[in-house]
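Chains as they are written, first to last, in our numbering: chain A, 107 to 222; chain B, 9 to 123.
Don't take every hint at face value.
Unchecked claim - Computed spacing ranges between beta-carbons, pair by pair:
#	chain 1	residue 1	chain 2	residue 2	range
1	A	D114	B	Y18	22 to 32 angstroms
2	A	L126	B	Y18	44 to 54 angstroms
3	B	S47	A	S109	40 to 50 angstroms
Said to hold, decoys possible - In silico BS3-like cross-links for lysine-lysine, where the CA-CA straight-line distance does not exceed 27 angstroms:
#	chain 1	residue 1	chain 2	residue 2
4	A	K174	B	K30
5	A	K174	B	K52
6	A	K148	B	K48
7	A	K148	B	K75
8	A	K148	B	K30
9	A	K164	A	K175
10	A	K164	B	K30
Read the hints as simulated data drawn from the structure, not as lab findings.
For each residue, glycine too, the CB sits at the ideal point set by N, CA and C.
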Amino acid sequence: AQSVTQLDSHVSVSEGTPVLLRCNYSSSYSPSLFWYVQHPNKGLQLLLKYTSAATLVKGINGFEAEFKKSETSFHLTKPSAHMSDAAEYFCVVSDWEDTGRRALTFGSGTRLQVQP
Amino acid sequence: DTAVSQTPKYLVTQMGNDKSIKCEQNLGHDTMYWYKQDSKKFLKIMFSYNNKELIINETVPNRFSPKSPDKAHLNLHINSLELGDSAVYFCASSQIRTTGEDGYTFGSGTRLTVV
């Protein structure tokens, strides 16, 4: 069975400082990994994805994430936070299950606050 | 030209009523999903359809019944609504390719409030 752990439920940074949102996963096969962002009262938007290509993945709005198989991590980073980055971020893993179907598992989310 | 659209955006209804949420995607994806997001923001899959065929049916009360008339549509019908059904329901679609996944595209959500 696969699982996702977002290590921080809440992260607060100052505008212009780096952002680090941590995510660890467990999976039996070859997972695909995603980061989604949800702004208040909005839907989920795909930030970036890892699907067995380059381990450093660049996404929208200056975000990037590095897939580290040895550490089973997929942390999300951004060099300089902007006020508009304040939102809920979800780490998501997708992999094959023993049942032969593909399953998507969400982390519990990390709320990012950006202080002026 | 919204990729995944769901209606209505907000739904307030009384306990015991029957309601439907509609979802349509214009991405040509083969697979569609319904997710429920609870008050703590946790997202849990409810159903998944691939080419109109049900492939995932998680432990969901049978008051919830998905209907997929074609691969571009996946509607969710809920009978005898209960207070605990209050949540945000997200529709999504995806396309799984041999090179991996394109990612899941989500609708903007339907906020259901049962009073």
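Hint-by-hint comparison with the structure:
Distance hint for A/D114 and B/Y18: a CB-CB separation of about 31 angstroms, consistent with the stated range 22 to 32 angstroms. Separation of A/L126 from B/Y18 is about 35 angstroms and departs from the stated range, judged on CB atoms against 44 to 54 angstroms. The beta-carbon spacing between B/S47 and A/S109, approximately 22 angstroms, falls outside the hinted interval of 40 to 50 angstroms. At most 27 angstroms may separate the alpha-carbon atoms for a hinted pair to count; A/K174 and B/K30 exceed this at roughly 39 angstroms.
A distance of roughly 26 angstroms separates the Cα atoms of A/K174 and B/K52; the hinted pair therefore holds under the 27 angstroms criterion. Distance hint between A/K148 and B/K48 is fulfilled; the C-alpha atoms sit about 15 angstroms from each other, no more than 27 angstroms. About 25 angstroms separates the Cα atoms of A/K148 and B/K75, which keeps this hinted pair within 27 angstroms; it holds. About 17 angstroms separates the Cα atoms of A/K148 and B/K30, which keeps this hinted pair within 27 angstroms; it holds.
Between A/K164 and A/K175 the alpha-carbon distance is near 17 angstroms, which keeps this suggested pair within the 27 angstroms criterion. As the CA atoms of A/K164 and B/K30 are separated by approximately 33 angstroms, the hinted pair breaks the 27 angstroms bound.
When held up to the earlier numbered hints, the structure conflicts with 2, 3, 4, 10 and fits the remainder.
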